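K.L.:
These are the residues of each chain, in order.
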Amino acid sequence: MNSPLLFTVLLCLTLFSYWYGMKRSLKVAGGNEHKKNLTCLPQQFGLLTAMVCGLPALMTLLIFNSAEQLVIEQLFTTTLSANIQSLSSIDLGLYLNNIHSLASSEASKTLLTNINSSNELAMQEQYKAASTLQALKQQARWLKTALVLVIACVSVIVLIKKFSLTFPARQKSETIIRGLLVASSAIAILTTLGIILSVLFESIHFFKSVPISDFMFGTQWSPQAAMRTDQVGGSGSFGAIPLFAGTLLITFIAMLLAVPIGLMIAIYLSQYASAKLRAFAKPMLEVLAGIPTVVYGFFAALTVAPVIRNVGESLGLSVASESALAAGLVMGTMIIPFVSSLSEDAISAVPNALKEASLGMGATQSETVIKVLLPAALPGIVGAILLAVSRAIGETMIVVMAAGMAANLTANPLDSVTTVTVQIVTLLTGDQEFDSPKTLAAFALGLMLFITTLGLNVLALKVVRKYREQYD
Amino acid sequence: MINLKDNSKINKMSSTARTTTLSTTEKVTLSLKKRHQKERRFKNVGLFAVLFGFMLVVVLISDITAKALPAFHQHWVKIDMDYKANWLNIDGSSKQSILAKQMKKANYRSALKKSLYLMFPTPSGKSLSRKDKRQLFKLFSSNAEFTLKDTLITTPEHLNKQISVWVRLDDDVDSYLKEGFASGEAGLRLSKQQAQWIKQLASAQRIESRFNFSFFTASDSREPELAGIRGALTGTLLTLFVTLLLSFPLGVAGALYLEEFAPKNRWTDFIEININNLAAVPSIVFGLLGLAIIINIFGLPRSAPLVGGIVLTLMTLPTIIISSRAAIKAVPPSIREAALGLGASKMQVTFSHVLPQATPGIITGAIIGIAQALGETAPLLMIGMVAFIVDVPTSIVDSATVLPVQIFLWADSPERAFLAKTSAAILVLLTLLLVINLTATVLRSKFEKK
Chain P
145 MNSPLLFTVL LCLTLFSYWY GMKRSLKVAG GNEHKKNLTC LPQQFGLLTA MVCGLPALMT
205 LLIFNSAEQL VIEQLFTTTL SANIQSLSSI DLGLYLNNIH SLASSEASKT LLTNINSSNE
265 LAMQEQYKAA STLQALKQQA RWLKTALVLV IACVSVIVLI KKFSLTFPAR QKSETIIRGL
325 LVASSAIAIL TTLGIILSVL FESIHFFKSV PISDFMFGTQ WSPQAAMRTD QVGGSGSFGA
385 IPLFAGTLLI TFIAMLLAVP IGLMIAIYLS QYASAKLRAF AKPMLEVLAG IPTVVYGFFA
445 ALTVAPVIRN VGESLGLSVA SESALAAGLV MGTMIIPFVS SLSEDAISAV PNALKEASLG
505 MGATQSETVI KVLLPAALPG IVGAILLAVS RAIGETMIVV MAAGMAANLT ANPLDSVTTV
565 TVQIVTLLTG DQEFDSPKTL AAFALGLMLF ITTLGLNVLA LKVVRKYREQ YD
Chain C
21 MINLKDNSKI NKMSSTARTT TLSTTEKVTL SLKKRHQKER RFKNVGLFAV LFGFMLVVVL
81 ISDITAKALP AFHQHWVKID MDYKANWLNI DGSSKQSILA KQMKKANYRS ALKKSLYLMF
141 PTPSGKSLSR KDKRQLFKLF SSNAEFTLKD TLITTPEHLN KQISVWVRLD DDVDSYLKEG
201 FASGEAGLRL SKQQAQWIKQ LASAQRIESR FNFSFFTASD SREPELAGIR GALTGTLLTL
261 FVTLLLSFPL GVAGALYLEE FAPKNRWTDF IEININNLAA VPSIVFGLLG LAIIINIFGL
321 PRSAPLVGGI VLTLMTLPTI IISSRAAIKA VPPSIREAAL GLGASKMQVT FSHVLPQATP
381 GIITGAIIGI AQALGETAPL LMIGMVAFIV DVPTSIVDSA TVLPVQIFLW ADSPERAFLA
441 KTSAAILVLL TLLLVINLTA TVLRSKFEKK
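In order, the protein sequence lines correspond to chains P and C.
Mapping the first sequence onto our numbering, position 87 (from 1) lands on 231, and the numbers just tick up by one.
Mapping the second sequence onto our numbering, position 249 (from 1) lands on 269, and the numbers just tick up by one.
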């Protein structure tokens with residue numbers, strides 16, 4: 145049976161065992177009229193039976209599925225003849241691909257007849273290998289089906305043997321549920337671990353072929369050159385400084401727009417605006433926050449960039465068609481609501497007594513804001529800005545669509561620059577083998593991105609927390 | 021209060037002791053005007069910032085809407101098609117069943133070409149030059165021959181007759197017509213001769229603008245006049261289905277544990293720190309995780325909604341957990357205490373009393389998480405959902421693409437007609453988001469009334 149079918153069967157079996165568990169518990173009690181003799185309700189018996197039936201089997205299915213491919217590959221490689229096993233890894237990969245497509249496209253009977261009919265020895269061997277692979281896969285399927293069903297049935301039978309009048313079905317099922325809850329909350333940890341492992345391992349792989357100092361401090365970025373086989377590791381072409389500089393330039397432009405506007409919006413809405421305006425303005429600004437980034441990217445590339453170009457050219461400036469300014473401004477637009485809502489939180493967290501004292505001394509509203517509220521809320525605002533910066537650095541679609549590909553090391557906002565995220569997308573979309581330094585470079589960039597954003601977030605949270613303690 | 025006039029008199033007397041005692045009040049009074057001016061200025065700057073924010077929203081939406089409008093209608097042209105059996109390579113004398121088979125395989129392209137040459141005779145009566153023939157044929161969508169084929173198959177009586185059939189125009193002609201009425205002047209991608217033909221067709225009332233239904237019913241295509249969003253929309257639905265199926269139970273379970281069961285210890289703190297940090301990790305990093313672990317280690321298929329759904333689940337899980345926790349926290353403790361007092365176990369309290377009370381809030385949070393997943397593009401590029409896919413996906417392991425990625429792909433296309441298509445797809449995406457968010461708002465307000 146294939147996995148979806150097996151899953152469905154397992155689901156039916158689980159439903160059945162709910163009913164079966166209930167029936168058995170009633171039988172233990174001695175009929176429906178004696179069910180009060182049980183310490184737990186029959187439904188609780190049913191629930192426990194269903195969980196005992198479904199969970200271990202489901203777990204087996206998942207583990208089997210994730211390991212299946214790897215094990216079959218290993219087993220299969222050992223059956224190949226020695227001269228094929230001694231091929232280089234690339235050729236071996238090609239050969240295996242060939243066999244895989246043969247095995248999945250042809251029926252097993254045609255393969256068998258082809259072994260006898262084809263006269264070339266190499267072809268004969270390929271057909272034979274494909275047939276072996278098919279047999280292996282078939283065996284794996286059988287093993288999986290048998291294993292899952294046996295585990296489901298055996299665990300139910302073992303459980304039901306234990307049923308008695310005082311069997312603590314509820315407590316047991318609650319322990320299982322609690323375990324499931326713990327497991328779901330631990331997924332966050334697994335995700336973090338997965339992220340760290342995936343970027344770290346590939347990065348270490350990458351730093352074996354390109355020294356980490358070259359990557360961190362090199363000023364030349366041209367990953368395409370590394371595609372040539374005679375150029376080991378593409379030394380010297382993986383300097384990430386232009387990418388970092390480009391990312392910072394675009395982030396800086398975005399912040400230049402978002403911080404003053406966002407802050408002023410926060411001040412106006414929290415101190416001046418009528419309730420009516422607030423009720424209208426907040427959802428309106430939320431629209432800006434809710435628009436998908438790919439839409440901003442489109443807007444930046446097809447509306448803002450041409451406008452900037454035309455204005456620049458009419459002033460006699462040379463503007464690149466994918467200028468950093470366009471991407472930065474649109475990114476700033478995206479971040480405005482982020483800055484404004486976080487700063488507003490920070491401003492309204494300042495105790496009212498401070499504000500009232502200042503107003504009571506005769507200061508105007510604006511003086512109160514500038515001299516009392518903002519200094520008091522400063523840590524919160526700084527935290528907000530740090531979070532916004534982290535967001536701008538990690539933003540992908542706007543820069544992929546509106547910023548360039550060329551890694552220029554420049555501070556001119558009218559020039560085209562590229563960013564870390566743009567390069568990750570460029571390096572990883574399209575077909576390429578997984579082990580080339582070009583692909584691995586994307587993971588090294590991902591590692592840098594992860595570390596930077598994580599650092600900024602931790603810093604922002606610390607700043608905010610420290611400030612909270614001040615007033616609590 | 022001291023009179024200003026008196027003040028100035030006193031000043032003139034230049035008694036140092038008196039000016040210092042009075043100058044503070046005096047200064048305040050004198051500076052008031054300036055300070056109030058500053059106050060007004062500050063307030064206006066604030067108002068300007070808010071209005072600027074509004075302006076950005078309006079500009080963004082109206083720009084995209086204006087660009088999208090042309091994509092919703094499309095020009096069709098009526099041509100006189102000669103279904104001559106020998107042009108189509110059909111043996112007219114055959115039996116009905118053989119005829120039907122032949123109609124499926126017939127050469128409609130050459131029949132279309134021949135019919136077109138008849139429609140546009142040269143003034144001298146000679147046949148068109150090769151170049152003109154090619155240009156003439158280019159006016160019509162590459163899909164025209166299939167429209168003709170479908171027409172003949174549904175009404176086989178047309179065989180050997182001359183019939184008027186409506187077919188699509190090519191996207192270049194379509195854009196040309198949308199920019200202004202057929203003037204006969206050469207266009208951006210249209211020669212003078214082609215423009216003249218279009219003018220001729222238009223003056224003969226053979227060109228008609230229709231609502232573009234195929235935008236919603238067709239899948240992606242290299243030809244802008246044929247491309248639609250159905251494939252991407254289906255991919256989006258499948259991906260969101262997987263996301264919802266995984267992230268909702270996992271998120272709620274995680275939130276329940278952290279709010280109701282978790283002891284205050286290091287482990288719990290560690291989980292909380294992880295959740296908060298994950299909420300701020302750039303989405304593209306989740307794509308790297310999906311590529312390196314879900315595809316390369318677990319061997320799930322590339323480009324599949326299943327993988328996309330898993331990646332988006334991991335991405336939206338922190339959002340859902342955080343909002344679910346807020347909803348659970350809002351359930352009054354008296355409910356828990358009452359249930360516990362009646363002898364319910366902790367688990368029964370949680371699942372029978374806390375969870376039902378918190379459900380509206382949890383669902384609102386989940387909807388917001390799903391809206392976030394709906395607009396996400398970057399991680400899906402990493403796991404290969406960026407391929408050109410013509411077929412509508414039918415299961416969660418088929419190759420598929422999603423609406424935001426379709427927008428990204430179309431935005432990159434060189435054909436001008438894709439500009440309108442992209443904007444139209446964006447409008448559809450924004451409408452979906454609006455509907456989702458409105459649902460969340462309605463739910464929230466209903467919840468708050470209780």
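Note that these hints are calculated values from the structure, not bench results.
Take these hints with a grain of salt, some might be off.
[To be verified] Not the full set, but computed from the structure, chain P residues with beta-carbon under 8 angstroms of chain C:
# : residue
1 : Q213
2 : M408
3 : S492
[Stated by the list, open to error] Only pairs whose alpha carbons sit at most 30 angstroms apart, straight line, appear in this in silico DSSO-like list of lysine-lysine:
# : chain 1 : residue 1 : chain 2 : residue 2
4 : C       : K58       : P       : K606
5 : P       : K305      : P       : K281
6 : C       : K58       : P       : K420
What you are looking at is a predicted structure, and each value in this text was computed from that prediction instead of being measured.
Glycine included, C-beta positions come from ideal geometry on N, C-alpha and C.
K.L.:
Could you work out which earlier hints the structure fails to respect and list their numbers in ascending sequence?
P.N.:
Numbers 3, 4, 5, in rising order.
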